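Engineer: Each chain, letter by letter, is given below.
There are 2 protein chains.
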Amino acid sequence: MRGHGRRMTPARHAVLDALGERGEHLTAEEVFRSASRRCPDIGLATVYRTLELMTRLGVASKFDTGDEKARYELAEGPKAKGHHHHLVCTSCRRIVDYKDFIKEETELLRKTEEGLAKKYGFRIDSHLIQFHGLCPDCRK
Amino acid sequence: MRGHGRRMTPARHAVLDALGERGEHLTAEEVFRSASRRCPDIGLATVYRTLELMTRLGVASKFDTGDEKARYELAEGPKAKGHHHHLVCTSCRRIVDYKDFIKEETELLRKTEEGLAKKYGFRIDSHLIQFHGLCPDCRK
DNA sequence: TGTATTATTGAGAATAATTCTCAATAACTA
DNA sequence: TAGTTATTGAGAATTATTCTCAATAATACA
Numbered sequence: 001m002r003g004h005g006r007r008m009t010p011a012r013h014a015v016l017d018a019l020g021e022r023g024e025h026l027t028a029e030e031v032f033r034s035a036s037r038r039c040p041d042i043g044l045a046t047v048y049r050t051l052e053l054m055t056r057l058g059v060a061s062k063f064d065t066g067d068e069k070a071r072y073e074l075a076e077g078p079k080a081k082g083h084h085h086h087l088v089c090t091s092c093r094r095i096v097d098y099k100d101f102i103k104e105e106t107e108l109l110r111k112t113e114e115g116l117a118k119k120y121g122f123r124i125d126s127h128l129i130q131f132h133g134l135c136p137d138c139r140k
Numbered sequence: 001m002r003g004h005g006r007r008m009t010p011a012r013h014a015v016l017d018a019l020g021e022r023g024e025h026l027t028a029e030e031v032f033r034s035a036s037r038r039c040p041d042i043g044l045a046t047v048y049r050t051l052e053l054m055t056r057l058g059v060a061s062k063f064d065t066g067d068e069k070a071r072y073e074l075a076e077g078p079k080a081k082g083h084h085h086h087l088v089c090t091s092c093r094r095i096v097d098y099k100d101f102i103k104e105e106t107e108l109l110r111k112t113e114e115g116l117a118k119k120y121g122f123r124i125d126s127h128l129i130q131f132h133g134l135c136p137d138c139r140k
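As you go down the protein sequences, you meet chains A and B in turn.
Numbering-wise (this note's numbering), the first sequence opens with residue 1 and increments by one.
Numbering-wise (this note's numbering), the second sequence opens with residue 1 and increments by one.
Please keep in mind that the hints were generated in silico from the structure rather than gathered at the bench.
Small disclaimer: the values here were computed from a predicted structure and weren't measured.
Positions of the beta carbon are idealized from the N, C-alpha and C atoms, including for glycine.
You may find that some hints are simply not true.
Unchecked claim - Only pairs whose alpha carbons sit at most 25 Å apart, straight line, appear in this in silico SDA-like list of lysine to any residue:
hint, chain 1, residue 1, chain 2, residue 2
1, A, 81, A, 128
2, B, 103, B, 78
3, B, 111, A, 39
4, A, 69, B, 111
5, B, 103, B, 59
6, A, 111, B, 114
7, A, 103, B, 78
Said to hold, decoys possible - Only some residues are given here: those of chain A computed to face chain B with a beta carbon under 7 Å:
hint, residue
8, 20
9, 92
10, 106
11, 108
12, 110
13, 124
Unchecked claim - Simulated coverage check for chain B against chain A, where a stretch passes if three residues somewhere in it have a Cβ under 8 Å from a Cβ of chain A:
hint, region
14, 16 to 27
15, 87 to 93
16, 133 to 140
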């Protein structure tokens, strides 16, 4: 954060903490509620701004499950323990975090990122991998 | 479409055609404008409904680039010629379609889908792969 | 350590994408 | 061909997200 010429503020701390402790798949509203405990005066707009910033920096990742709210979670780079991808039910919106195959995926992703960076001149900060389908319950 | 117990209507045809000919990354609004030519009475709500349906069926895929409109394109399953993934600039929102690495990615994705389907009991219909970062212009 | 600079904030208004409602219509089935 | 019922169009309604702006406070620097 500081490294990017940004200031570290209580609001940003609160958002970061909220993401860290409340776990995955949080909507902005949920982050707001959590963060409010630590930082009672925080405003919803600030939460949105902070989440967007963090997403840009690759600290958080934003994704959506088909209902209309975006969801956020800590990105914890590919090497982190908690790193996972999502399997989303298109009917009930249930989200399964999976870590299986992550190792192979990660390796391929790394290579792909490297190749893309070189070929297209991008500086790649994050990726989004998601599978969609019907969960066992909704298949019936 | 018919296979899923759905009816084939002029509106759905028009949406499908719009996606087919106008290419990638269309917003609902853009699909609406295109589809209107073929089906002058089509309503925006129908376009949204149809796009959602198609996304569910795995015929279309929905993704977002960070601005607030969702974007859609034909899914053309992993085997199709046009199949590609996205590289999105988090600053200017530019989208690069890339096909490089697709072959390896596809192979891994296939295996992953198979494994996930077995382990979690999902019927997997589609996937979303996206890289985010800064494009050459925005790096400056 | 105090001060200036300027990024950041909170509140609420404003925007705009998307969904909802409902009566009318038209695909499909038998 | 008629009946059933999914689908539609229009516009209203919702609601997630962004914007505005003056006030505040984090950092840099004297």
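Engineer: Any hints from earlier that this structure breaks? Give me their numbers in increasing order, please.
Structural biologist: 3, 4, 8, 9, 10, 12, 14
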